[in-house]
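J.: The residues making up each chain are set out below.
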Amino acid sequence: MKLVESMFPFARIPYGTWGSSYFPGWQTSPLAEVNIGQFAGEAMANILGKRKVRRKELEYLVIGSTVPWHWKFWNGPAVASCMGQRIPGFQMEQACATGLSAVIVAGSEVNSKSYDVAGVLTFDRTSDSPVGVFPERRSYRRTEVIADVWDNFGFDPSTGSSMLSTAGMTARKYKIDRAEVDELTYLRYKQYFDTKKSGFLDKCLFSFDVLNVQGRLLGTISEDVGVREISLQTLREQRELDTCITSGTQTHAADGMATLLVSSIEKAKELSTRPEINIEFIAKVDIRTGPGLMPEAPGMAVKKLLDRTGLTLNDMAVVKNHNPFAVNDAIFAKTMNYDWAKMNNTGCSLVWGHPQAPTLTRTLIEALEEAVDLGGGFVLIFGCAAGDVGTAGIFRVS
Amino acid sequence: MRSSTLQTLGLGSIIEIFQNGKLPVTAGELVDQVFGKAGNRGALVITGANGIVGAGKTMQLGSRLEPFDIPIIALDFPGVPDGIAKQYPGLVKAFGKGNANKVMGNIIKYSYDGKTLPKALASHNPKFLLEAIPEILEIKKDHYKAFRESFPDIDIWSVTSGFPSSQLGVGIAHPAFPHEVNKIWEIVESTPSSSSKLLWALGLIPMQVSDNWAFVLDVFFCGLTGAAARFNETTNMPYWKIDKYIRKYFGPNPFRAHDAIGAAGANFLTWSCLHHLGQHYGELFTPSDNMNEKKESGSNWYPLDHFRPMVDWSMNEEETAEFDAWILGPLFQMTSLMLHENRSHLSQMNLIGELCAQFRKGVLALIRHYGADAARKIVSDYHKLQPEAAKNAWYPKEFDKIGSPEWQQLYVNAEHDGKVGVISINRESYNHDVNAELNRAIDYLKSAGIENVIITGDFHISTQMVGADTTDFFPAIEDANKGIELSKAWSATARRLHTDFKNSVGFINGKRCLGGFLELMVHCHYLVAEENAALGMPEVTLPVIPGMEGCHWPFRKMQAGNYQNLLKLILSGKSVKAKDAVGWLIDYAGSTEDSIKMALKIASGGDHGIAKRAVNENPISDIPNEIAGLENNEDEILSQARKALLDCIKNSCNATLSDAISIQAKHSGEFMTTKLCKKGVIGSTYTKTWQV
Chain G
1 MKLVESMFPF ARIPYGTWGS SYFPGWQTSP LAEVNIGQFA GEAMANILGK
51 RKVRRKELEY LVIGSTVPWH WKFWNGPAVA SCMGQRIPGF QMEQACATGL
101 SAVIVAGSEV NSKSYDVAGV LTFDRTSDSP VGVFPERRSY RRTEVIADVW
151 DNFGFDPSTG SSMLSTAGMT ARKYKIDRAE VDELTYLRYK QYFDTKKSGF
201 LDKCLFSFDV LNVQGRLLGT ISEDVGVREI SLQTLREQRE LDTCITSGTQ
251 THAADGMATL LVSSIEKAKE LSTRPEINIE FIAKVDIRTG PGLMPEAPGM
301 AVKKLLDRTG LTLNDMAVVK NHNPFAVNDA IFAKTMNYDW AKMNNTGCSL
351 VWGHPQAPTL TRTLIEALEE AVDLGGGFVL IFGCAAGDVG TAGIFRVS
Chain P
1001 MRSSTLQTLG LGSIIEIFQN GKLPVTAGEL VDQVFGKAGN RGALVITGAN
1051 GIVGAGKTMQ LGSRLEPFDI PIIALDFPGV PDGIAKQYPG LVKAFGKGNA
1101 NKVMGNIIKY SYDGKTLPKA LASHNPKFLL EAIPEILEIK KDHYKAFRES
1151 FPDIDIWSVT SGFPSSQLGV GIAHPAFPHE VNKIWEIVES TPSSSSKLLW
1201 ALGLIPMQVS DNWAFVLDVF FCGLTGAAAR FNETTNMPYW KIDKYIRKYF
1251 GPNPFRAHDA IGAAGANFLT WSCLHHLGQH YGELFTPSDN MNEKKESGSN
1301 WYPLDHFRPM VDWSMNEEET AEFDAWILGP LFQMTSLMLH ENRSHLSQMN
1351 LIGELCAQFR KGVLALIRHY GADAARKIVS DYHKLQPEAA KNAWYPKEFD
1401 KIGSPEWQQL YVNAEHDGKV GVISINRESY NHDVNAELNR AIDYLKSAGI
1451 ENVIITGDFH ISTQMVGADT TDFFPAIEDA NKGIELSKAW SATARRLHTD
1501 FKNSVGFING KRCLGGFLEL MVHCHYLVAE ENAALGMPEV TLPVIPGMEG
1551 CHWPFRKMQA GNYQNLLKLI LSGKSVKAKD AVGWLIDYAG STEDSIKMAL
1601 KIASGGDHGI AKRAVNENPI SDIPNEIAGL ENNEDEILSQ ARKALLDCIK
1651 NSCNATLSDA ISIQAKHSGE FMTTKLCKKG VIGSTYTKTW QV
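Chains as they are written, first to last, in our numbering: chain G, 1 to 398; chain P, 1001 to 1692.
Hints were generated in silico from the structure; no laboratory data involved.
Remember, predicted model here, so these are calculated numbers, not experimental data.
Be aware that one or more of the hints could be misleading.
Here are the simulated PhoX-like cross-link-like pairs (lysine-lysine), alpha carbons at most 20 Å apart as the crow flies [claimed, not checked]: (1) P/K1650 / G/K52; (2) P/K1241 / G/K56; (3) G/K56 / P/K1295.
Here are the computed distance ranges between Cβ atoms for each label pair [as the list claims (entries may be wrong)]: (4) G/G154 / P/D1324: 54 to 62 Å; (5) P/D1400 / G/D194: 55 to 63 Å; (6) G/F73 / P/I1139: 53 to 61 Å; (7) P/D1324 / G/N212: 23 to 31 Å; (8) P/Q1279 / G/F73: 42 to 50 Å; (9) G/T143 / P/L1385: 54 to 62 Å; (10) G/G215 / P/A1628: 41 to 49 Å; (11) P/D1400 / G/S198: 47 to 55 Å.
Chain P residues, not near chain G, derived (Cβ > 12 Å throughout) [to be verified]: (12) K1119; (13) A1264; (14) D1289; (15) A1372; (16) K1679.
No residue lacks a Cβ here, since even glycine has one placed at the ideal position from N, Cα and C.
Take these sequences, add in the hints, and give me the full structure.
T.: Encoded structure:
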């Protein structure tokens, strides 16, 4: 492994102090009916309990969520109280970049020695999106009403175009072939289901029984509900919504949470069930590409990250992409001269869904577990985010 | 087999009550001793009378002392919210408006500044001070000084202290919550005083305990809360879920109790108790960080309504073992400490947990159930989790004595004078433990050659016999065989009262004898009761089918003309007064003293003039199909339950005595798995407390 300086030499991610819920699809599970902030707080306490980490170890909580939830004003402290621990916290968000950036914020807090242990908790409920009423004196209607999830998906105020149209436009720019996108998508599903069958996901994901207000079982979240195996033929037969974009080659909205801890070097050894595993922060960048070209942004972020660290893709043990559109992977492979079959080995958000803030956190958790299974190495995770943004980060597992 | 708890009060044994033909003392005699003779009676002063403890005790003692013309002086700071007035609705509910007004009319309220006593107090001739002011040592000591300077002969008890009497310099009594109705008082005395005996004579339950830090109840309850708080800290399991597991496995729900009492005050009291115990005994008790936080914040343990729990928690086998270690480990260790300090009669120590802290099975009974080695292993597992706790206050050898009568007969005792035996039961509801102990008591008397026996309550801890402990039915709700086994086993024990003695006399002295206990008692050859005791079979209201032969045994002992009476008792669920049940259900009813005398007369073969009723061992086929005068026939659930009961009655009666036991057991066991039972009181309690 190449010697590269860590961006946060005093911060670590303690192995195995992480976990994510499954991501049931939009409107398919009890998560569609709950206050997701409360769920996330309670679920985090549960995950840490199962991981044998006392929640009192936490001194600070970085939460990331992008869809407004009831009592969002109170953010970190409210969610921490749901976890059962009265600690301060900080809420941050930047669409799908949130999951990675929240980890970086926590790393920064620990590295600056403000805290020995900071929690990262990302969550979103895209189901039953809240509807906001905004006085807008410059709009002809004087008051604008938007459904937070779907109206924002459909309209980037900077460009006036939708998410989906960025995918089509970028596919055309790079002359991506529909057949390649279908094949790539087929592989992604196979990777996910193979991983699921192998039991790998049990190391990352936790089931939750969700209660109704009477304290009775509302339902169990134990699946990425809505994800079904799909044949190449079916993918080929689907109608194109835009260039290379079909319902099968794009992700779906989902609900869920994901959490991990960031700690000092000493605490990481204390908290981890495998203290011999060392997980370091190497580097992270965000870039913004031209209007309406969001799917090319992740590759550009990775390129910048590699340039700054002196690493190459060949140095990476694990490569994982948050890929709401399958064309993202195809464009990345084309621009970075990388075989898309070598990445996203344990599944990806194209398949298991897109609850925004926790997406890249789950991606990171799966990537770190995969790296541990491989005996260590550099871990590259990246993805796109609303606003034609690309985000990428490298971690080292040794 | 062992000493009775009554003896710890200096009131003699239970067999002596029968031998003397009367209760050991009367309230009137003791009132004279404590407050002076009529015409020159002094007053009872309660300070801090508007607090939770003070107001509760003002009601409890005020209602009992009112007939003796003893003024109750309620003393508190000026401006303190009126805690006594808040008690009035409860008083009306319990005693009726007329009597409630009498009780309130006997309470005289004074305010004082905490230093100078009101001048008018002297005119009431204070004889007894019940101090219920906050637990601050210096304030308490100044308080006693003021009273002693003004009234040198006054007797003083503190009822709000966890300090030992030796620290406080006055007597200590520790009444259990809720103070208006809970009859139990732990009392620290070197020898039982007239005041303690007076409480007993007034129908309360004083228990003598040693002079140590905190009381038995506090050690159990605060200790359990402390252990549960530690479990939360270790596992992150939320308080509400820990509470549900503790309720499921052991009975109490410590966190809910704190919230119900008022978390601000209750958290402080629990913390204070644990803090002082921790300083004295070490880490076993030392409050955990979250307990410290709850003390400071006074906040509730359960989430606020708008954050009602959303994520459920479950435990696998390994986690359940950890739960046992964290919860039972400290409880068992604390028990070893209290045993080592000889804090109380073992039966009392055990029952304090049941009667005051909702333990389904007292902690000593729980330890006995596990056995010494398993109990020690649980403590050892706990010490692996909290090694500091092992350094002090652990006396594993105490469990070596589990085989002794004191441990083995926690609920049932037996005495005899060579001719007559007395079996006394101190548990108000019948459960597996009572059943096992009753068998051992019968064995003991049989081995001593005793052929005549009286079976009775214990005149102390058990003030009534309420029937079966329905929590023992829970395993049967999902498995009819468990119910059938239970029914057969308990019925077989009951039959021993009929078959193993020449003369057996059931003696009912308390307020009531219901359900399973009445079924047990009717197996005696004779049944004697205090005339106002209520006798009933409330099973139909639960609904459940009686499991101890209540559906056929009493029919076999009565004339056909009385079947209607018994059917009405069983199918209505309503009680009858003992004096109205003579001749068909029981054999004699009279005053307490007359009943006591009659019980011994029958048991000792004296000239009592009551014929022994034979048990018809043949099938009875003329049980009526219906009876007139039943109410609430429109109630569908009640009607179905009545039908099920009548089926059981007819089928078990229409069989030989030897077959009937199985038939009744089958009806009883199978009914518990029906939707009807599951929808009822037992089923819904089972769902609420066990399906967690």
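J.: Let me make sure I understand: some of the numbered hints might not hold for this structure. Which ones are they, in numerical order?
T.: 1, 6, 14
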